[in-house]
Amino acid sequence: MFTDINVSQIFVLDQDEALDFYVGTLGLEVQTDQDLGFMRWLTVNVPGQPGRAILLEKPGPPAMDEETAAQVRELVSKGVMGGWVGFVTDDCRRTCDELSAKGVEFTDGPNEQPYGIDAGLRDPFGNKLRFVQLRG
Amino acid sequence: MSRETEQQNRRMLRARDAMDRRFAEALDVPALARIAHVSPAHFIRTFRATFGETPHRYLQRRRVERAMALLVSTDRSVTDICMAVGFTSLGTFSRTFREIVGESPKAYRGAHPRVDHVPTHFAMAWTRPSSFGEGRGRRSE
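For the record, the sequence lines run as chains P and X. All the letters of the first sequence, read from the start, carry residue numbers 1 to 136 under this note's numbering. All the letters of the second sequence, read from the start, carry residue numbers 1 to 141 under this note's numbering.
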């Protein structure tokens, strides 16, 4: 049976802008950034966790037709495409302060929860992300 | 659908996120329209076209949802909760709550369980009283 999670995926509308945000602002590192000819395979990970990659996929041909890609883009920009990532932080409030100072858009938090302190933010495209400082 | 539509969606989403964060404030349409960088009239039309309900209705139901959450997760008085979520009158709050939820705040408090183990934003999205029909959870089957 399975032993871990390897690659998760979220749609981004511009991969260079995605790098600015996920690497430049959030501090992730690039795992792979490779032009496969038919698409740009771009994955990032939390530093020190290269085995758990997040694929920053741009919707479009040849995987989907132009009309479908436009529909996906619209859903992403409405914030309802689905697919979100939850990160763990060692200090939720400090992370909120640091990201806030960088102009990140928060949806909520910091929130005291039974399981820890968490918060939510949006990437430039509309995707939701969360991070939690786990209790215990 | 176009890049212009995407940018418009994103601006509407920022205004909606502001309602989700700042529901306790005296947010009005001109303030929200400024966040979305459009005129008030355009904002109302576009918000409804994008999310299926007017901004006023969205905000009212956000406030009621936050009240629902506070009723079951805290011991705060109904009056205290009414003010905490942005209503300015207990009478208006009680009437609106009953109209939307179908029972009084006090009755709601006695009948509903806490939603403890999901992130706030997730609970907020799924438990805001819907304009679109109810979900089909296991319990209703």
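Think of the hints as simulated: they come from the structure by calculation, not from any bench. Just so you know, even glycine gets a beta-carbon here, dropped at the ideal spot from N, CA and C. Do not take every clue at face value.
Sample of chain P residues at the chain X side, in silico, Cβ under 10 Å [unchecked claim]:
# : residue
1 : Leu13
2 : Lys78
3 : Arg93
4 : Gly136
Could you work out which earlier hints the structure fails to respect and list their numbers in ascending sequence?
-> 3 and 4
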